[in-house]
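Peer 1: Between the sequences and the hints, there should be enough to build the whole structure, so can you do that?
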Amino acid sequence: MKFVEEFRDAELGAALAAQILSLLEPDRHYKLMEICGGHTHAIYRYGIDDLLPDEVEMVHGPGCPVCVIPMGRVDDGIAIAGHEGTILACFGDMMRVPGSERTLLEAKAAGADVRVVYSPLDALRIARENPDREVVFFAIGFETTAPSTALTMMRARDEALANFSCFCNHVAIVPPLQALLALPDLSLDGFVGPGHVATVVGARPFDFIPAEHGKPFVVSGFEPLDILQAIEMLLRQLAEGRREVENQYRRVVPAEGNPVALKAMGEVFELRESFEWRGLGEIPRSAFKLTAAFAAHDAELRYELPGRSVADPEACQCGEVLKGAIKPWECKVFGTACTPEHAIGTCMVSPEGACAAYYNYGRFAREGTPA
Amino acid sequence: MCLAIPGQVLEIVDEPNRLARVDVAGVKRNVSVALLDDDDGGVGPGDWVLIHVGFAISKVDEDEAAATLKLLEEMGTEYEQELDELKGSAIE
Amino acid sequence: MRSEERVLEIIETARGKRPRFKDELVTMAHGAGGKASQTLIEGLLVPAFGSAALAELGDAGAVEVEGTGLAITTDSFVVRPIRFPGGSIGELAVNGTVNDLAVSGARPLALTVSLVLEEGLAAEELRAEVEAIAAAAEAAGVEIVSGDTKVVERGHCDSMYVCTTGLGRIDERASLGTGSIRPRDKVLVSGPVGAHGTAIMLARDELGLDAEIASDTRPLLPAVESMLDAAGPSLRCLRDATRGGVASALNELARASGVCVEVSEGAVPVQAEVAAAAELLGIDPMYIANEGVLVAFVAPDGAEAALAALRAAPGCEAAAEIGVVKEEPPGMVLVETGFGGRRVMDLLAGDPLPRIC
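Going down the list, the sequences are from chains Z, X and B. For the first sequence, position 145 matches number 145 in this note's numbering, and the numbering has no gaps at all. For the second sequence, position 15 matches number 1015 in this note's numbering, and the numbering has no gaps at all. For the third sequence, position 78 matches number 2078 in this note's numbering, and the numbering has no gaps at all.
Don't read these hints as lab results, they were simulated from the structure. One or more of the hints may lead you astray.
Capping the alpha-carbon separation at 25 Å, the derived lysine-lysine pairs in DSS-like fashion look like this [as the list claims (entries may be wrong)]: (1) K332(Z) to K31(Z); (2) K2(Z) to K1087(X); (3) K2022(B) to K2326(B); (4) K2(Z) to K1070(X); (5) K31(Z) to K327(Z); (6) K263(Z) to K289(Z); (7) K332(Z) to K215(Z); (8) K2022(B) to K332(Z); (9) K332(Z) to K2017(B); (10) K215(Z) to K31(Z).
Peer 2: Right under this line is the structure:
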């Protein structure tokens, strides 16, 4: 696979790892946050943490759009699926996420018509093929995915597809970062930035991080060489006393983002006044809903939803994991009461949840870091 | 949010809806390229794009990709040289 | 605060215990060959049926009749669509059971075939599958000696379900079993992984992907025969890698024998299109179902001969050595990633689902 395999080269990885070693200041411990769950997944999946020296610690961030959905919203999705005649289309990521009583997979087993789709356009196709059924698309994702939903909604409107609506749970990347940086005990040295979100929003929205908080920020791709190079660039900034936003993922991320995508989002979505984030609480202007022009395709208007704010189970420490305050294994129920097959929280079931990544990939006693 | 894969545009199959047939190492799918319709006219056959949930969300700049790899390879060569020197000195 | 090592210890102890089946509903996850299946089998079925042979959790059950070792195995085949690139349900039904016998070191003696047919199934389709079953049985050199037919109302099965039971005689040339696996044994795979499951996913046409990917269904008797001949005494254990993929087969064996299996990711053969489709969907080919792939655990001195023998068998030309058995950590499968780091390769909770994150 072109533009993929070249960035998985082990020899170049070893060279980068050596470069990283050479940039470390003596007796200094570095805490770098990878914001995006996709990066967390890749770090564990490729064993990148094996290649990093002990002095460089990766802290997992809140950039997992599945993990941050509160239980109450999952319940709402399950409620929609429970309607007679409704087909709920969602991404595979959502199927195992626990609501307060069950998951979508269990709702499906109990008779709800829940279908996994690869693209929102597939959900649209299901609506066209089933004119006598209501089809609801459970939309999730940051700004990476929101433009695709936006274009899909415009098609639905243009085709006057009356039986298609969207349950919108799109969220924005900057507000949780601002919330995170406002936390008193956070002591991070730098950020590995979300490369795919940046294809839409560009690199500029992250300028406030070096400018107001004095931390380096590198927009990173998702192949193992990308991540290692981003870490190298962060450490180089620290070594050289620079604090800026750099773009490691230049083959794909335009500095100014994608104006067409942003325009589509602007036409279809507006920011909610406030949205509840698992672990971070209510964050103002941090999530998207459909504009009035798309009311006919807004599942929240077409369905009577429980709309309850459901607190995480007491044992659940997803919030602290999402903030990077604790490591997955430090959660009291990690691996015992909370496992991928019977999860208490989202971090353990989302494909890019930190707990899932650590449990599925990183959960073994290492013999010590290779030289 | 993060799963996106590069693929090559083969042809536009639905012009009004801006759907293109895209190839990823022999696997083909129809993908919307509407998000890349900029003032220059959008993508065409032969272009490489980044695909996410059935939409092309960005173009892959082949020159930048090559530049990144070249930088990494240079770093790699330096590393190899250092390793060789290290090995060389160890013999004494 | 507990240390990381302590947490990992607690987890492994918990995982080592027999699982308890506490789910309220049967979900699709229970059929995926991952953890949910394991919990169903080990937590409900094995305790309820209580035989020592069953508790071995082999691909076939061992039965002794007056000093002769026999193996008996059964499988149900439920696949949608019933015809797909590379084969059909009839072929799967014969090959699947023949393969379970083969990897248990048994030469197939006889097969039974049960058909559950959906009301409205076209006779032409039924005839095609019956012919496929007959052809596959002939190719595998096994006779169908008994069977059953039922019909259910429209909508109560996907065209047809097929269940086959196979009886075989244990070959004297090897004593295969999870108890035979030792540290330093080599792990071989007989061919490229993930083709069958990918072909089915694409044939369902829900994901909009098109590719030249065909099911890998084939009888593995020639491959096993070849290995028994060339390296019989060195063969420790064979396993048919079906649902849940090679990853699940290796996990089952690691768990049953209490060893660690370390896989070298770069050595696992996979067809480029399968890898690309899996990449697009965010699924690991190691977890995708196969229908004509086996994994073999071989003593180190017999590994070369076994591999050469495998490669000589039809369809197994791309067989490769993909890993090695270690002592620690017991019951786990670790992967040396193509990038140089190491990670765990656990059972999945349920089906691998396409993801966007």
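Peer 1: Does the structure keep K31(Z) and K327(Z) at a Cα separation of 25 Å or less?
Peer 2: Judged against 25 Å, a Cα distance of about 12 Å means the pair holds.
Peer 1: Does K215(Z) sit within 25 Å of K332(Z), going by the straight-line distance between their CA atoms?
Peer 2: Violated, at roughly 31 Å.
Peer 1: Taken at face value, is the distance from the CA of K332(Z) to the CA of K2022(B) at most 25 Å?
Peer 2: Holds. K2022(B) to K332(Z) sits at ~22 Å (cutoff 25 Å).
Peer 1: Is K332(Z) within 25 Å of K31(Z), Cα to Cα?
Peer 2: holds, 23 Å
Peer 1: Within a Cα-Cα threshold of 25 Å, do K2(Z) and K1070(X) meet the stated pairing?
Peer 2: holds, 15 Å
Peer 1: Given the hinted pair K2022(B) and K2326(B), is their alpha-carbon gap at most 25 Å?
Peer 2: violated, 33 Å
Peer 1: Sort out whether K2017(B) lies within 25 Å of K332(Z), counting only the CA atoms.
Peer 2: holds, 20 Å
Peer 1: Are K2(Z) and K1087(X) close enough, with their CA atoms no more than 25 Å apart?
Peer 2: At roughly 35 Å apart (the allowed maximum being 25 Å), K1087(X) and K2(Z) break the hint.
Peer 1: Is the Cα-Cα distance between K263(Z) and K289(Z) 25 Å or less?
Peer 2: Between K263(Z) and K289(Z) the Cα gap is close to 15 Å, so the pair holds against 25 Å.
Peer 1: Within 25 Å, alpha carbon to alpha carbon, are K215(Z) and K31(Z)?
Peer 2: Distance of about 11 Å is within 25 Å: holds.
In terms of the numbered hints stated before, the structure departs from hints 2, 3 and 7, listed from lowest to highest.
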